[in-house]
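Input sequences plus hints: build the corresponding full structure.
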Amino acid sequence: MSGEVAIIGAGMHPWGKWGRNFVEYGVAAAREALADAGIPWRDVGYVSGGATVRCGYPGYVAGATFAQALGWQGCEVNTSYAACASGSQALAAARNKILAGECEVALVVGADTTPKGFLAPAGGYRPEDPDWVRFYLGITNPTYFALYARRRMDVYGDTLEDFAAVKVKNAAIGSKNPRARYRKCFSAEDVAASAMVADPLRLMDICATSDGGAALIVCSLDYAKRIGKGDAPRVAAISTVTPSFASAVVEMPDIATDSAAAAGIDAHSFRASLPMKAYEEAGIGPEDVDVAEVYDLSTALELDWIEDLQLAPRGEAAQLLRRGDTAVGGKIPVNPSGGLACFGEAVPAQALAQVCELTWQLRGECGDRQVEGARVGITANQGLFGHGSSVIVKR
Amino acid sequence: MSSKPVQPAIEGWFTLSDTPQLIGSQCCGCGTYFFPKQDHYCKNPDCDSTEFQEALLSPRGRIWSYTNACYKPPAPFVAEEPFEPYAIAAVELEKERMTVLGQVVKGVGVEDLKVGMEMELVLETLHETDEDTKVTWKWRPVTDNGGQG
Numbered sequence: 001m002s003g004e005v006a007i008i009g010a011g012m013h014p015w016g017k018w019g020r021n022f023v024e025y026g027v028a029a030a031r032e033a034l035a036d037a038g039i040p041w042r043d044v045g046y047v048s049g050g051a052t053v054r055c056g057y058p059g060y061v062a063g064a065t066f067a068q069a070l071g072w073q074g075c076e077v078n079t080s081y082a083a084c085a086s087g088s089q090a091l092a093a094a095r096n097k098i099l100a101g102e103c104e105v106a107l108v109v110g111a112d113t114t115p116k117g118f119l120a121p122a123g124g125y126r127p128e129d130p131d132w133v134r135f136y137l138g139i140t141n142p143t144y145f146a147l148y149a150r151r152r153m154d155v156y157g158d159t160l161e162d163f164a165a166v167k168v169k170n171a172a173i174g175s176k177n178p179r180a181r182y183r184k185c186f187s188a189e190d191v192a193a194s195a196m197v198a199d200p201l202r203l204m205d206i207c208a209t210s211d212g213g214a215a216l217i218v219c220s221l222d223y224a225k226r227i228g229k230g231d232a233p234r235v236a237a238i239s240t241v242t243p244s245f246a247s248a249v250v251e252m253p254d255i256a257t258d259s260a261a262a263a264g265i266d267a268h269s270f271r272a273s274l275p276m277k278a279y280e281e282a283g284i285g286p287e288d289v290d291v292a293e294v295y296d297l298s299t300a301l302e303l304d305w306i307e308d309l310q311l312a313p314r315g316e317a318a319q320l321l322r323r324g325d326t327a328v329g330g331k332i333p334v335n336p337s338g339g340l341a342c343f344g345e346a347v348p349a350q351a352l353a354q355v356c357e358l359t360w361q362l363r364g365e366c367g368d369r370q371v372e373g374a375r376v377g378i379t380a381n382q383g384l385f386g387h388g389s390s391v392i393v394k395r
Numbered sequence: 396m397s398s399k400p401v402q403p404a405i406e407g408w409f410t411l412s413d414t415p416q417l418i419g420s421q422c423c424g425c426g427t428y429f430f431p432k433q434d435h436y437c438k439n440p441d442c443d444s445t446e447f448q449e450a451l452l453s454p455r456g457r458i459w460s461y462t463n464a465c466y467k468p469p470a471p472f473v474a475e476e477p478f479e480p481y482a483i484a485a486v487e488l489e490k491e492r493m494t495v496l497g498q499v500v501k502g503v504g505v506e507d508l509k510v511g512m513e514m515e516l517v518l519e520t521l522h523e524t525d526e527d528t529k530v531t532w533k534w535r536p537v538t539d540n541g542g543q544g
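Chains as they are written, first to last, in our numbering: chain A, 1 to 395; chain B, 396 to 544.
If you are wondering where the hints come from, they were derived from the structure by calculation, not from laboratory data.
Fair warning: this is a prediction, and the values are worked out from it, not measured in the lab.
A hint or two may mislead.
Pair ranges (Cβ atoms, derived) [what the hints assert, rightly or not]:
no. : chain 1 : residue 1 : chain 2 : residue 2 : range
1   : B       : 522       : A       : 372       : 53 to 63 Å
2   : B       : 470       : A       : 53        : 14 to 24 Å
3   : A       : 3         : B       : 443       : 31 to 41 Å
Derived contacts from chain A toward chain B, CB cut-off under 7 Å, selection only [stated by the list, open to error]:
no. : residue
4   : 120
5   : 143
6   : 260
Quick reminder that beta carbons are idealized off the backbone N, C-alpha and C, glycines included.
Given below as structure tokens:
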């Protein structure tokens, strides 16, 4: 397909709680990606940075920050903010620049240092800020994940054991990933013994926030062929669509959903709409997917995503899980990296980390995490303010 | 509850009557409801109306899902000492075709709730200040006698 770009390099700074400046992680990831691609930094014509916005925290000038740290060499820069989808939006900008013929090689990079302590809104009396409102009324981030999880239990019959099995599966495979932050195997008993945070989710059902950095080198197919990498994995589709009104699922930080009362308006699920555009753009369907990296902010959410990606009919993801189909070695492995369960979320880097994992999977370089014969991979994630993404990589 | 005067935790978001209701708005062009109130632009992509009327939302609905808070949230939440976990419900309003979050009244836990259960809106203390008692809307399971009605 003419709309494709090649991924010739991938790199990451290991996830953790390192407490250093985010620029350091991004530079390490970028240098690893450049070395992986085997190209010099001066060949890069465009730096596209995934940013985060946090009380003046300087991640919001990501593109320029990383370009300067790697050494100004006169390339063009871009900075994308799209919450958890920042990396995908930065990748889309790079792809468009390449497909427009304005550059041949781009570096896409995101990195984060998570601030210490609770992420709480500014004080005072500020009812115009939905984040202030929900904290004032006692509704925190785990509330939303737990609402989705409980609905699965009551409507589809999912169990606490199912949710624990997601953690056990992801911990087992993530223990083999040197870039993951948490590399310890856990049992279902370990999960059951962890503290209840927001019923039905326990501490070990919910992902942490981490420091980390991820980078990709993407280029035109011509350039890839010229340097002998014509068979490199390709970006076949990027979806960064907004929700469709009326959004029927209550989303952080809102206190209510849209109303679908108007004539001609239906209720829609944002998560389910994200991969639809990606499948359409890539000209493939869910039956073609060999491996998926999804945003498991909670264990239960991994099951929602499996259905949103149409890898299982609605309500049947837990059956796939129970059969072992979503583990490496199963029919459709999900989160062979270990997922957020093992990484923790580093917002502007996470969507790129998902694509890094698919790149290595499609190159067959994942060792004992390898999904045999993987040729098509899909990512999915969702963040604040109507941002989300789904990327399809194929070989 | 103390004898301090009762004040809404958030001004103008709900009525203070014996049968309280959330104060939302409705687009005069397409009929879409909004909570919190929306008065300047309609979020329906097929509607560009800028006229809205105040709308009191249905005081009853059915549980879309529910959970609880086992740990004390950070400020601006004002926690009781010692902290008591509370349940939270997302309740679907049929007429408005929307879901509204809220705490569940004290004494009702997640073990008492189920998706689809009918709930009604009541007012209960959120916290107290030196001067007054701040109340907010909460959800309560509808009992056979219609609750306080």
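Hint by hint, here is what the structure shows:
1. Checking the proposed 53 to 63 Å range against residue 522/B and residue 372/A shows it holds: the Cβ atoms sit about 57 Å from each other.
2. Between residue 470/B and residue 53/A the beta carbon distance is about 21 Å. The supplied range of 14 to 24 Å therefore holds.
3. Against the hinted window of 31 to 41 Å, the Cβ-Cβ separation of residue 3/A and residue 443/B comes to about 34 Å, which satisfies the hint.
4. At a threshold of 7 Å, the smallest CB-CB gap from residue 120/A to chain B is about 4 Å, leaving the interface hint in force.
5. For residue 143/A, the interface hint holds, the least distance from its beta-carbon to any beta-carbon of chain B being 6 Å, beneath 7 Å.
6. Checking residue 260/A against chain B by beta carbon gives a least distance of about 4 Å; that is within 7 Å, so the hint holds.
Consistency with the previously given hints is maintained throughout, with no hint failing.
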